[in-house]
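Please build the complete structure, drawing on both the sequences and the hints.
Numbering follows this note's numbering, in which position 89 of the sequence shown is assigned residue number 922; successive positions increment by one, without gaps.
None of these hints come from the bench; they were simulated from the model. Where a beta carbon is used, it is the ideal one built from N, C-alpha and C, also for glycine. Be aware that one or more of the hints could be misleading.
Ranges between beta-carbon positions, derived for each pair [stated by the list, open to error]:
# : residue 1 : residue 2 : range
1 : R905      : P930      : 22 to 28 angstroms
2 : P930      : I864      : 18 to 24 angstroms
3 : D1118     : V915      : 34 to 40 angstroms
4 : S1059     : S1213     : 42 to 48 angstroms
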Amino acid sequence: PELDTVLAVVATEGGTRDTNVLVAPRGGEWIWLGLADISVSGPLTVDLVFPNSGENPRRVYADVVKVSAYLRDRDLALEPEVIDLGEVSILDSISVPVLARNLGLDTLQIFSVTLASTGENILSAPLPIPPMSSRTLQLPLRFTWPGPIVDTLVVRSDDPVDATLPVPLTGIAEPFFLVLDNDDGAAVYQEFGEWHTSNAQAYGPSSRYSFLQQGSPGAGATFTGSVPQAGIYDIYEIVPVTQNASQGAQYRFWLNGLPVDSITIDQNEDSGTWVRLQRLYLAADFPLTVEVRDPGNSPGGVVLRADAIKLQQVSNLSATSEDVPVPDRITLFPPHPNPFNQRLTIPIRLLEERSLTLDCYTLRGQWVTRILNRSLQPGSYTFGWNGTNDRGQTVSSGVYVLVLRSGTLTRRQKVLLLK
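Dropping the structure here:
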């Protein structure tokens, strides 16, 4: 390992003039060591002391010392000089780090950081930077419209030479999306079965893999998150570029804890890119869980992989749009048994609290009876009908229509009563 602490001692013929302790010095850049008054003919000595109290050997590097006769009182340098944000999501707040270094001899003040396009100051308070020191600015940014980002951060300070420094800002603002990564913590990512860390990754610092089982289900992992804005979303997965992944990985989807769909894919196809799994209507602040699992019968491959899931908004249309999968919010499942003789079981499922009515009609549209009329919490329920009308009289054999209503949403199922 490399040594992380260096003591610099600057001395002239008059003795030690300055000392400086360097903690984790960065390579490839000039590092300030100290100050000294140097006569024309007097010697200058710079000692670099590398303490190592441990038993393990440490590596140290020394290259060149530069002596400069010109130091400004305040001298601001910014890193990076150009910021490329890449893809960012609209309506999502991000924090952009900018390293501000004062290469001068006096304390420097940064007064403001503004966006050239709006003039908005995004620096929370003036920031002092001591001599020969640095501070990291965490600058909050938020974009409200999709499209290319071409802007400039304008940094104003009391640097006597460059009081205003521009930092070009580029990127692409995409329609709202949310990425759930395997490194996001237990609130987002969980596993069951035996998993291992892979240095190969397509998103984030790492990915995970589990060896496939044959004959019985193997390991699995879940990604969970919620969106702040209701709408239609495409659900994507990404794994590292691979040729040995499962050819029969199963992805299952839950909305607010209720199963809604599943799909099986070959994880090798288009690996390393975002692969679309499903399109769903997501209600705001309702959790979506995507599970990837080894069903135990993959036709090929060695490992099941998990890296990241992306929820990409397609539209914020209401749930009554034809593009929205109806079962996502309210579902009237096929009643059973069908045909029935004495009692019919009617299963329904809700993803949000709703007021419901469930009525029975003849094929001619004549109302028979009301089976349900109340508000229900999210969940799965079953109700029954014993083949009687609203007066408790047994109805004749034939086909009947069950109609479930909630606001503008309507679901229908036909049943056959046999006597």
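Discussion item. Taking the earlier hints as the rules, which of them does this structure contradict?
Written reply: 4
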